[in-house]
Amino acid sequence: MGGYAEMKIIFFILSMFYYCTCIAKTIPVGSSRKYKTITAGIEASVAGDTVLVDAGNYKEKNLVIKKSIVLKGINYPVLDGEKKYEIISVKADAVVIDGFRIVHSGISSLQDLSGIKVYDSRDAVIKNNILENTFFGIYIQNGLNCTIENNRLTASSTEEQQSGNGIHCWKSDSLRIINNKITGHRDGIYFEFVKNSIIWRNTSAQNIRYGLHFMFSNNDMYVSNIFTNNGSGVSVMFSNKIRMFSNYFEENWGDASHGILLKEISDGDMEGNYFAKNTSAIYMEGANRIFMKHNTFENNGWALKIQASCMEVVLERNNFIGNTFDVGTNGSLVLNKFKNNYWDKYEGYDLNKDKIGDIPYRPVSMYSMIVEKYPPAMILFRSFITSLLDKTEKILPSLTPENLKDNAPLMKKAF
Amino acid sequence: MKKIFKYVVTDILRNKIVLIYTVFLLAASLSVFGLEDNSSKGLLSLLNIILIIVPLVNIIFSSIYIYNSAEFIELLVSQPLKRKSIWLSLFTGLAASLSLAFFIGAGIPVLIFQPNTIGFTMIAVGILLSIIFVAIAMLATVNARDKAKGIGAAIMIWLYFSLLFDGFVLFLLFQFADYPMEKPMIAISAFNPIDLSRILILLQLDVSAMMGYTGAVFKDFFGTFTGIAFSIISLLLWIVLPVWYAAHKFNTKDL
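Protein chains in written order, with the numbering used here: chain A, 1 to 415; chain B, 416 to 670.
Only chain B is shown next, with the shape it has when bound in the complex (with noise of 0.2 Å):
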């Protein structure tokens, strides 16, 4: 498991476009942090290139490589290896080099220009993240056998959950305006990772407006252990069930 583990991560590493990536992160976030008079302006814009750039890049490349390896991966299921293994590696290898492309690209440039409690959030956050749809690539394409198939469901399920899914939560908020929403609200971003990232980031950005009745919920909520046991609870579960549906799906399946 280490030797695939190892090849896996130097294999990605060696990628052209894994190092784009990373120049392109590293570029991004120098830019915002020095154009902007304020460096909270420049988190701003950081926060979303995190919430909607780096779910794509993470999603599609992973669903992509895995697609690309589909030869090797039967090459070592022929080997005397479990099959459990060689998925587990597979995944740990893309999680840890994207996390590491992440945390050079803007972690670094975060730790510079804001080294307190919002930037360390974020990059948390960020790295998490990156994990999440390493995870979830790796679900769609143990599903599909057929590469547009999973690549084009990969990219549905980002547009869902940067997009398709807030605009159902703002529809269902104006449904019921009536009702007290702010409990029911909290349940509901459990089921978006993103939504979650963002509103954990925004409690430490926006903390002023956050204070006011409904923020004060939120954050009532967010920032106390439970809450935020809760919210890292839910992010992991995001990482840990479709990996682990995905292994088990793996297992069974008719290369």
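Just chain A, with the same shape it has in the complex (with noise of 0.2 Å):
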């Protein structure tokens, strides 16, 4: 009879397997089904389980989700946070949330009160929802292997304190953050203390600060990405070993804006960029050993603000068209390397028709030293007098760097 208990206890643990693995259920909520209200759903599943949401406006004040769960909605369910609360907590791992229309969350700059906060948790994906108006966007806190795909974040605040950003990522691991757009926030994307982490084809517009800002965040890439039109465009400060290719810079004005912001950074990777119609398409400060090939500067005010304090930057084979200045500096102290660019202002010759200008190509023009010193001096911008003071610059350099020219300058385009 011994052998009769063995086996109970056998067939016993074969259900348990049967239990875990094959009644991961789907449990219908909405008006007209057994459960009403998200939070009932979510309590009356278990792990694995999928909570699939009809159409209809829920208020169900901050949903805790602290179970392994897919949260699913049907045709963008409304989950509206009354402006007083948090709207989706993740507080367990693998959890899902598929296609929720996300509105007015609470406004805490105590809590970062948000749309959808990630804790502590890590395999979290947050894919097709539509978040409005809501102070953060998709914060994830200390996540690992995250994914936050097509969602439509906007929000319309005007002030700086009264938003949140739209996507805020701090202390995480191997995120992938893939084709979402923000707009109105107070950064489009933030990354704090981020690392092997992946930005891709993402469109950042119109949002108050930067579109894209970066702090602290090591090992990470970006690619494919549209930053336009935002306060001061696009920021990224003190990491290290950021690649960053084939991403659109566009129409970031003002004084304090710049296509990109590069601040402390060192050993980056830009190539294939395209930057148009900024103020001052890159701004480097204290920026070393960054490799930037193959980018387009194209009607840009200053294509490139380049401080005495980066060393190592190499320019090679960029296209510089229709910018106002081609490159700004405030020293004469030059350690970095310009070689094989394309520069449209370049008026030198080509003898030996190998395609590459026999005389060096001094980006720095004399006008934009004086406007560097005083600002003003802009209104008497190509002037005949100006001209002339940047015609004999040219020929006795006094107050341009010596060293900060382009030894083989392209004669056409380099791509």
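Keep in mind the hints are simulated off the structure, nothing from the lab.
The beta carbon of each residue, even a glycine, is placed where N, CA and C say it ideally should be.
Heads up, some of the hints might be wrong.
[Said to hold, decoys possible] Pairwise CB distance ranges (calculated):
id : chain 1 : residue 1 : chain 2 : residue 2 : range
1  : B       : 468       : A       : 392       : 19 to 29 Å
2  : A       : 76        : B       : 460       : 50 to 60 Å
3  : A       : 330       : B       : 575       : 46 to 56 Å
4  : B       : 523       : A       : 215       : 19 to 29 Å
5  : B       : 606       : A       : 158       : 37 to 47 Å
[As the list claims (entries may be wrong)] If you only want the chain B side, here are some residues facing chain A, beta carbon under 8 Å, derived:
id : residue
6  : 462
7  : 467
8  : 577
9  : 584
10 : 585
11 : 596
12 : 602
13 : 604
14 : 621
15 : 624
16 : 631
17 : 633
18 : 636
19 : 654
Hints in hand, dock the two standalone chains.
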């Protein structure tokens, strides 16, 4: 009979397995369903279940998810925070939030109330949501291997204090932020202490401060994003080994506004980016070992403002077209290298027809130095006397840095 | 008055110099647009032509024309005609024909290659500058009976507006570098029609650089309705005041 007892135990264990793997059930929530509220639906669920929410308007105060479940909306059910609450708080691993319209979170600088906030969890997936007028949009705090994909975030605040960041990531690792559209927030995407992450195909436009804001985040990469018309453009600070490929930086206008601000950045790699119509496309301060290739600078006020504190920045095969000033700087020390770039203002010649100009090009014009020192002098730009001064300076450099030059400028566009 | 105007216009349009001026403008503008691979760079070269060549040709041609028609003017004065209407029809004849020359020479290529706000601003500014420098030439000639003196004065005026004035402004800027000079600069610019025209074009051409702090001050002023009204009124005053003063002078002048 002992065998029978054993059989019983084995059967019990097997049934446990069956329970865990196959009874991942779907719990429908809606006004005509068994569970009227999402809170009740989540309560009835266990790890691995899917809570499927019908379209409708749900005021659930703060939804806290402490189980590894999938929360899926059909036709964008509305979750309303009534301007008081954080709408969804994720406190478990592997939670999926898919297809909701999340509106009106509370505003509190003390608690950083968000539309969706992930606390100390891994493998969260937040996709296909629409967030409107949330304080912080999607907030990842101490997350690992999370994905934020295909979300639309819109806020309409006009003051920095009354507005949080669109996608805010803090102290996280291996995040994927893909194809989101963010407008009207304080910073579109904000990274602080985030490692090994990728930002891909996002559009960040008309945000109050920065389109993208990087602080103390190493080994990250951003590719094919569009940053347009943000208060101060994009800012990457105090980070190492950032790779930036094929991004668009457009129409970031204002004196303190830059296409991209690089401050205390080391070992960066910028390739194939496109800068158009910015007051200054790139502003570099204390940047070291940045390699820039195949970038296009078109119709900017200043294509490049490179402060004397930068070291070993290499610019190779970039196109400079139609910029008011190509390069501006603040000192005579030059520890950077310009090579084989195309400058549309180059007036040299190419006798041996190797498509490389025979005389060096000096991208810093005298007038850009004057404007740097006396900004109101901009009003005299393009007058007869200033072009005369520029021509004299080209022949006998006295004010512009002697070593800031491209020794082998291209005669035709680099690509 | 209509008859004199008609006579002056046909006389000038038959003049070989005006024909050459038109052809030169046409050749220059077509070549700058044709040679440069992006047409905004062509616009930049054309800007220099508008700001330097147009005032020079207009002021010198007008002063020489008036000195050459001294006998014709004397003849007209002996007729029962008002002196003022003689003088004004001379001015309108000169201004109309030289503006027409500018429009054919530079305006049409601009309309073909750059039919946008920058292009239209450029044409408007070029025509206004043409008229302004005819007016200034009338003022220079009415004051000096001697031909050499009058033409010399015209050249000096041109040199002053296109070069010396800006040098003086640059000097002022360096001297008062510690003070906020943005607003005084706007006022100062009104004293030079070439500067004012240049700024109007600059605000369109270098809009990105002008969005910096200082530029924003200019942009905020010249970009608004008041600013545009201010610049257009200033430019019109540069026509009205010299013509009015010269006409007044001519009225009492002993010929």
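So, against the hints stated earlier in the document, which numbers end up violated here?
3, 4, 12, 18 and 19
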